[in-house]
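Colleague: Sequence:
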Amino acid sequence: MKSITSKDNYNLLYFLLAAVYLVGLFIPLMENDSAQHATMAMQIYLDNDFLHLFKGGIPYLDKPHMHFWLSAISFKIFGVSHIAYRLPAILFTGIGAYSCYKLAKEFYGQQAAQIAPLIFLSSYAIILANHDVRTDAVLTGASIWSVWQLVRYIHTSQLKYLVVGAFAAAIAFSCKGHLSVFITGVVLLAYMAYARKWSAFFSWKSLLGLVVFGLGILPVVYAYYVQYDLHPELVIEGQTNVSGVKFILWDQNFNRLTAKGFGENNPDYLFFFHNLLWAFIPWSFIVYLAFFDRIKLLVKNKLKYVKGLEILTSIGVIIVLFVISTSKFKLPHYLNSLLPILSVLVAGFLINLKDRNSLKTLKVILIVQYVSLTLIAGGVLYLTFWAFGLPSPILLGVYGILIVVLVFIIKEKMELWRKVIFVSVSYVAIINFCLSTHYYPNIMPFQAGIQAAEVIKEEGIPKEDVFLLFGKYSWSLDFYTERNTPRIPLEEVSATVKPGQWLFFYEEDLEAVENAGIKWNKKFHFKHFRVSKPKLNFLNPETRASVLESAYLVQTK
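First residue of the sequence shown? That's 1 in our numbering, and the numbers climb one at a time after it.
These aren't lab readings, by the way, just hints derived from the structure by calculation. A hint or two may mislead.
Unchecked claim - Straight-line distance between alpha carbons at most 30 Å, and here's what the computed BS3-like set of lysine-lysine pairs gives:
id : residue 1 : residue 2
1  : K354      : K304
2  : K296      : K363
3  : K527      : K472
4  : K55       : K533
5  : K457      : K411
6  : K102      : K363
7  : K463      : K527
8  : K105      : K246
9  : K463      : K523
10 : K360      : K307
11 : K472      : K522
12 : K246      : K296
13 : K363      : K457
14 : K457      : K55
15 : K457      : K527
16 : K197      : K296
17 : K105      : K363
18 : K557      : K472
19 : K557      : K463
20 : K304      : K105
21 : K360      : K296
22 : K55       : K246
23 : K76       : K55
24 : K498      : K527
Said to hold, decoys possible - Have a look at the derived ranges for each label pair, beta carbon to beta carbon:
id : residue 1 : residue 2 : range
25 : L210      : L297      : 29 to 39 Å
26 : N537      : L234      : 35 to 45 Å
27 : L210      : E412      : 46 to 56 Å
28 : H274      : E412      : 46 to 56 Å
29 : A495      : I401      : 58 to 68 Å
30 : N11       : I58       : 44 to 54 Å
31 : I401      : I367      : 37 to 47 Å
32 : L390      : Y14       : 24 to 34 Å
33 : P486      : A18       : 16 to 26 Å
34 : L359      : L390      : 36 to 46 Å
35 : I367      : L234      : 53 to 63 Å
36 : G460      : L210      : 33 to 43 Å
Small disclaimer: the values here were computed from a predicted structure and weren't measured. Where is the CB? At the ideal position from N, CA and C, for every residue including glycine.
Required output: the full structure, derived from the provided sequences and hints.
Modeller: Dropping the structure here:
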């Protein structure tokens with residue numbers, strides 16, 4: 001009988017990761033971005049209008065449409081739910097994993113190809129992007145799909161790879177603008193420059209690739225044209241005559257570089273290098289070793305081309321990191337599109353260590369993985385159980401089984417490089433399974449919008465009778481009532497909200513509501529916290545009450 005950890009058998013690890021992604025589908029949506037994006041996609045679905053994008057009824061001139069379109073299509077097929085909202089992210093993560101497999105096989109052979117998807121799927125930021133879903137999961141999958149196809153085109157000159165690669169790049173652009181195109185372009189140019197493979201770039205076929213890319217982004221450009229260029233009277237951030245076409249083709253990402261309209265949020269030029277440490281857990285230490293190893297090889301060979309050596313996944317990525325670090329507006333999830341490329345690098349690096357019989361280095365890596373992941377797992381389990389108590393006996397039993405599996409893997413004899421993979425993925429599976437089944441389910445009830453939506457359903461309150469006081473958004477209220485709740489300025493409440501109808505507002509507005517003479521005969525009181533940004537005083541059961549905000553759903557009279 002073949003052992004579950006025998007050579008070339010990674011089914012156990014894929015099963016563990018599948019369990020993590022599966023339970024993540026059922027977590028309620030977090031505010032702000034995930035619930036906001038889901039609500040925006042829901043509005044497209046409810047209005048059956050794919051050309052106009054709104055944020056709470058206000059024209060939304062920021063991220064392009066693709067992520068919202070895919071989620072709206074999912075709602076059309078499966079109905080409005082957080083599961084349906086996450087399905088496009090899961091689909092493109094699967095495409096990303098398969099693209100990792102194929103690209104690793106292209107560069108490093110079958111053994112690297114088998115582990116590259118595991119490295120990608122077990123990366124913390126990728127797991128997070130599939131339950132706290134924003135634009136990044138679709139963007140990441142489309143980006144690595146494009147890179148893989150265009151590398152195949154460079155190697156074979158076959159037109160089909162160029163066409164598919166350009167189409168995938170268009171999908172990525174339609175998720176977040178120029179960022180994905182920049183990443184794809186830089187890593188491919190670095191690869192061609194080092195490997196002296198310029199013939200594919202200077203071929204007439206490249207023009208066809210540009211045409212395919214242009215046609216691929218045309219739906220998004222047209223949507224911007226319809227919503228903005230045809231309506232110069234729209235006031236966007238105090239300005240009229242705003243061109244949506246100019247925005248998507250130029251302003252959207254270049255404004256982020258200069259922080260125009262965003263505000264400078266981080267001058268740290270090493271921002272992405274140290275954020276990679278947590279985003280790429282559990283592979284952070286290994287990827288920096290791989291960077292160092294690749295640079296050392298290049299220096300040793302005086303930058304001369306060495307057959308079998310590629311710099312797309314290393315030097316290409318480092319160039320991208322340095323360039324985007326100069327941006328005056330940056331966020332950690334900008335790294336996500338690089339993680340599948342880095343997964344290929346880590347896979348190739350581990351196989352190279354095996355082929356070079358670098359047992360000492362592999363032992364050091366394994367020790368670092370044991371120590372760091374044990375500390376992380378211990379910290380996560382302790383904080384979760386301390387904050388929210390022990391889970392149900394059934395969940396405790398499941399955790400026990402997972403720990404037994406981990407102990408079995410630790411004790412099992414296998415090659416060091418494979419041990420690194422099995423141990424790392426198993427630890428990550430336990431950590432994230434615990435988070436998805438105990439931590440997240442316990443923090444979600446502290447979103448007042450979700451609580452209010454449950455009350456509206458349980459009390460049989462017509463959702464058309466619910467209004468939101470102008471000020472704070474409550475995206476979870478909108479999404480879980482399947483309605484864009486009208487936002488009413490305080491001075492218009494008396495004229496708009498009829499007796500017997502309902503008003504939702506937060507504690508900060510309570511005094512103003514009372515002073516405005518608004519009376520009610522029924523009130524529901526909720527405790528609220530922005531759970532996407534947890535703090536120690538929130539996690540601490542003894543201090544939690546002091547940081548909770550109140551929210552109210554009142555029936556006016």
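Colleague: With a cut-off of 30 Å on the C-alpha distance, tell me whether K557 and K463 pass.
Modeller: Between K557 and K463 the Cα gap is close to 17 Å, so the pair holds against 30 Å.
Colleague: K472 and K522: Cα distance at most 30 Å?
Modeller: Holds. K472 to K522 sits at ~22 Å (cutoff 30 Å).
Colleague: Has the given pair, K360 with K296, been kept, meaning a C-alpha gap of at most 30 Å?
Modeller: 18 Å, holds
Colleague: Holds or violated: the 29 to 39 Å window for the beta-carbon distance between L210 and L297?
Modeller: 34 Å, holds
Colleague: Is the hinted pair K105 and K246 satisfied, with a Cα-Cα distance of at most 30 Å?
Modeller: 40 Å, violated
Colleague: Is 46 to 56 Å a correct range for the gap between the Cβ atoms of H274 and E412?
Modeller: Hint violated: Cβ distance 34 Å, outside 46 to 56 Å.
Colleague: Are the Cα positions of K463 and K523 separated by 30 Å at most?
Modeller: Distance of about 16 Å is within 30 Å: holds.
Colleague: For the pair supplied as a hint, K457 and K411, confirm whether the alpha-carbon distance does not exceed 30 Å.
Modeller: 51 Å, violated
Colleague: Can the restraint linking K197 and K296 be considered satisfied, given a maximum Cα separation of 30 Å?
Modeller: Holds, at about 23 Å.
Colleague: With a cut-off of 30 Å on the C-alpha distance, tell me whether K304 and K105 pass.
Modeller: Roughly 24 Å separates the two Cα atoms, so the pair holds.
Colleague: Is it true that the CA of K55 sits at most 30 Å from the CA of K246?
Modeller: Cα-Cα ~20 Å, so holds.
Colleague: Would the hint linking K102 and K363 be met if the CA-CA limit is 30 Å?
Modeller: 28 Å, holds
In summary, the structure is inconsistent with hints 5, 8, 12, 13, 28, 31, 33 and 36 from the numbered list given earlier, while agreeing with the others.
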